[in-house]
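**Student:** Those protein sequence lines, which keep their order, are chains B and U. So for the first sequence, our numbering puts the first residue at -14; every next one is plus one. So for the second sequence, our numbering puts the first residue at 23; every next one is plus one.
Calculated from the structure, these hints are not laboratory results. Ideal Cβ positions, reconstructed from N, Cα and C, are used throughout, including at glycine. Don't take each hint at face value.
[To be verified] Some chain U residues near chain B, calculated using beta-carbon distances under 10 Å:
1) Pro107
2) Arg287
3) Ile304
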Amino acid sequence: MIRFIVRRLLQLVPTMFGLSLLLFIWLHRLPGGPETSILGERATEERRAQIRQSLGLDEPLVVQYGRFMRRLLSFDFGSSIQTGRPVMTEFGQRFPATLELTITALVIAIGIGIPLGYMAARRRGTWLDSGTVMGSLLGVCVPVFFLAYVLKAIFSEYLHIFPSSGRQSDLLEATHVTGMFVLDGLITREWDAAGDALLHLILPGIALASIPFAIIVRMTRASVLEVISEDYVRTAEAKGLTERTVRGRHILRNALLPVATVIGLAVGGLLSGAVLTETVFAFGGIGSFLRDAIEFRDYPVLMGFIMLIALLYVLVNLAVDVSYGLIDPRVRVR
Amino acid sequence: MQRSRFRTVCAVAAIAALTVGVAGCAESKRESSSNSKDKTLVFGTAGEPKVLDPALATDGETYRPPRQVLETLIGNELGSAKLVPRLAEKWDVSADGTAWTFNLRKGVKFHDGTDFNAEAVCANFNRWYNFTGLYQNVAEYWLDTFGGFAKSESPTAPPSNFKSCAASDANTAVITLNKPTSRLPGAFTLPAMSIQSPKALAEYASESMSGDAQNLTYPKYALEKMVGTGPFKFTSWDRANKKVTMDRFDGYWGDKAKIAKLIFRAIPDENARRQALEAGEIQGYDLVAPADVASLTGKGFNVPARPPFNVLYLGMGQDNPKLADIRVRQAIAYAVDREALVKSKLPNGAKVADQFMPDSVEGYATDVKKYTRDVNKAKALLAEAGATGVELKFYYPTEVTRPYMPNPKDIFEIVKSGLEEAGIKVTPVPEKWSPTYLDDVRAGKPDLWIVGWTGDYNEGYNFAGTFFGRQKPEWAFDNPALRAALAKVDLEPSREKRIEMYKDINKQIMEFLPGLPLSSSPPSIAFAKNVTGVKPSPLTDEKFYTAEFTS
Chain B
-14 MIRFIVRRLL QLVPTMFGLS LLLFIWLHRL PGGPETSILG ERATEERRAQ IRQSLGLDEP
46 LVVQYGRFMR RLLSFDFGSS IQTGRPVMTE FGQRFPATLE LTITALVIAI GIGIPLGYMA
106 ARRRGTWLDS GTVMGSLLGV CVPVFFLAYV LKAIFSEYLH IFPSSGRQSD LLEATHVTGM
166 FVLDGLITRE WDAAGDALLH LILPGIALAS IPFAIIVRMT RASVLEVISE DYVRTAEAKG
226 LTERTVRGRH ILRNALLPVA TVIGLAVGGL LSGAVLTETV FAFGGIGSFL RDAIEFRDYP
286 VLMGFIMLIA LLYVLVNLAV DVSYGLIDPR VRVR
Chain U
23 MQRSRFRTVC AVAAIAALTV GVAGCAESKR ESSSNSKDKT LVFGTAGEPK VLDPALATDG
83 ETYRPPRQVL ETLIGNELGS AKLVPRLAEK WDVSADGTAW TFNLRKGVKF HDGTDFNAEA
143 VCANFNRWYN FTGLYQNVAE YWLDTFGGFA KSESPTAPPS NFKSCAASDA NTAVITLNKP
203 TSRLPGAFTL PAMSIQSPKA LAEYASESMS GDAQNLTYPK YALEKMVGTG PFKFTSWDRA
263 NKKVTMDRFD GYWGDKAKIA KLIFRAIPDE NARRQALEAG EIQGYDLVAP ADVASLTGKG
323 FNVPARPPFN VLYLGMGQDN PKLADIRVRQ AIAYAVDREA LVKSKLPNGA KVADQFMPDS
383 VEGYATDVKK YTRDVNKAKA LLAEAGATGV ELKFYYPTEV TRPYMPNPKD IFEIVKSGLE
443 EAGIKVTPVP EKWSPTYLDD VRAGKPDLWI VGWTGDYNEG YNFAGTFFGR QKPEWAFDNP
503 ALRAALAKVD LEPSREKRIE MYKDINKQIM EFLPGLPLSS SPPSIAFAKN VTGVKPSPLT
563 DEKFYTAEFT S
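Given the sequences, and given the hints that come with them, work out the whole structure.
**Tutor:** What follows is the structure, encoded as structure tokens:
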């Protein structure tokens, strides 16, 4: 197991190097540059040329990449052109928000998706099954931004149940420790702040969860359908085992293996989906910052954030691979 | 089974222990808050400021907080572009236009408790004049107003027009120039010329910006401090949550703010801003989509419009030989249905623009050549120029809203249909506003394009000079007579004479017709039903100290 993890971690080195090279070339080949971000839209062409020169943007790409790599070796991604602050600081301040949102979306997607998929399979052909299949189809089809606007129109503007934007009410003046506001409210015993932050998470969480939820439901349903026709399930039921035992030990444990793979892949989708969701809900995480960074050609942020997200994605999938062994003892990673 | 249950119990216990442990370390830092809901105004903005030091920026979002926290020597009257005393009680200029004397307000304190006086004024002007390094690149308005620095680092930079600032006594500051400029006194109202506490500047802003594209760093002052004399004092800038918070300054020399706390929260998506207002999470927002004005007003929200102080125009690149022919440019002017554009696509209060400045700018001429729509005339001119069926690349921006251009795609469509009616073939080139569209326009790629300008202050040069004061690749023409006229007006010290000169220049421009002015629009700003008092400014120079909650 340890050799497996170490080997996978070592594979990360060439992967990250290749990614950094491709990313660097791609970003610097995009039309435009960060001059507008620094100088504003009113700057003359002379001034724009001047700032390019002052910032070293007129140097050959190889030289610029070399400078980037030298910094990267000491795990320094440089500073954001938009904010003038270290990329790692920006990531550290914004990541807890995205993590909180991603966890919420995952809890919704897994917490509702797996039971619903299981019940749909067990009651195959009933209205519950058809409704679940149709609902999950809708989840995949409806664009996230559209769903977001509809949710906000109903639950914020009309019913006034959930807030439409932000992470916490501006009037609360809550104490922040970890940057995950619900957790912060709990550990500082500011219960109103925790509750308020949780309310702010619901709508973006649902919007972000829509696609992985639909995939998890469908995958669970299909997988459970396959497993329940297996001999050992029939045997277990014939032996008179309780529904709970059959479900937990025989059906789900076997059916969840492909679902775990999907969940691992969904994390990557959630991180990229956060760009849109965070923008629509003015949710201050890495997603909305990345969107601004693309617009302003904030190269250090784009390089740093995308590489860190890629790293996280690889690590999550490594964790999923390791978790196979826990879900199914027959699988042993080597 | 037993083992599994044991493991679960252990995991839960560990998480509980960790939570309790962290809870032990984390204490609530809340103060007993006196800020009740009706004393705090949260205003939704389209973006965050870039920095807190307005000397380093030119954009409206960066200027919004300094407009509440800092003050300039001369201000704009609330709700208009008329110059009024602010930190200077009165001002005077010498007959040759090179010496500006300011009699300063007495008894004014900076938020850090230090005195505002003539020395503080000169400390600020001397700081800008002595900018070094990257500061010299980003101090756009200083460059535009004064031309250069004490030691300009760029070989192409013009010599500075700023000569000195002298404190002749504690309450009199004299700013001396090498030659007169049309930019003054208007530029004295710009947030970039706000007077900041010399003590705070010395403490936090002694270093310049530095680094390269991968490691640009700003001095602490630009990111964490803003110390002025305004009705609000800067409290915090929460970068992660895109919020700038300001508290009422009780030691303010003028009318105290009626609200205790002001928060600018960036909500980049315009629909999200509207929804946040309707949900009651914010009490106002800027850049209201024209399509939302009627529905918000119908629901009882206050949606005042700013007086139009902008111009949207259709640019024509004369590097295309067909467009170098005045008859083709005139044909385009006759073909475009500007009345229909204003009536069907722009907000109420928008006007057809008949020259490159709105009618509220002093120097606007009533007798310029008008190009009232006449498609037959357009066709005849095209035929005469041998350009019937000419093909033109028409660039327009996407994913952007500007005060002068609320809906670029709609504007493009209506201009295009007029051109096609006259027999011009249009190749549409939609591009993302920043950086692609702006870069391509600046590089002179389009034959036709739409863009505009919102004035910085009430001076004709701020419009005509900005567009045509120097040769630009996008226009691709050289009109020495026009350039000479603009250079002359720029050096004219008498405001009255300048106004007459601008009128002549406007006539000259509309005869030459480098592009077609399309419209001037009144951008709207929205407030909650119970928020009143903020006067919409043509310069977007809204002051929130007049805001109040009504029952």
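**Student:** Would you mind marking each hint as holding or not holding in the structure?
**Tutor:** Results for each hint:
Taking 10 Å as the C-beta cut-off, the interface hint given for Pro107 (chain U) is violated, the closest approach to chain B being about 28 Å. Satisfaction of the interface hint for Arg287 (chain U) is found here, the shortest Cβ-Cβ separation to chain B being roughly 6 Å, below the 10 Å cut-off. Nearest Cβ of chain B to the Cβ of Ile304 (chain U): about 8 Å, under the 10 Å cut. The hint holds.
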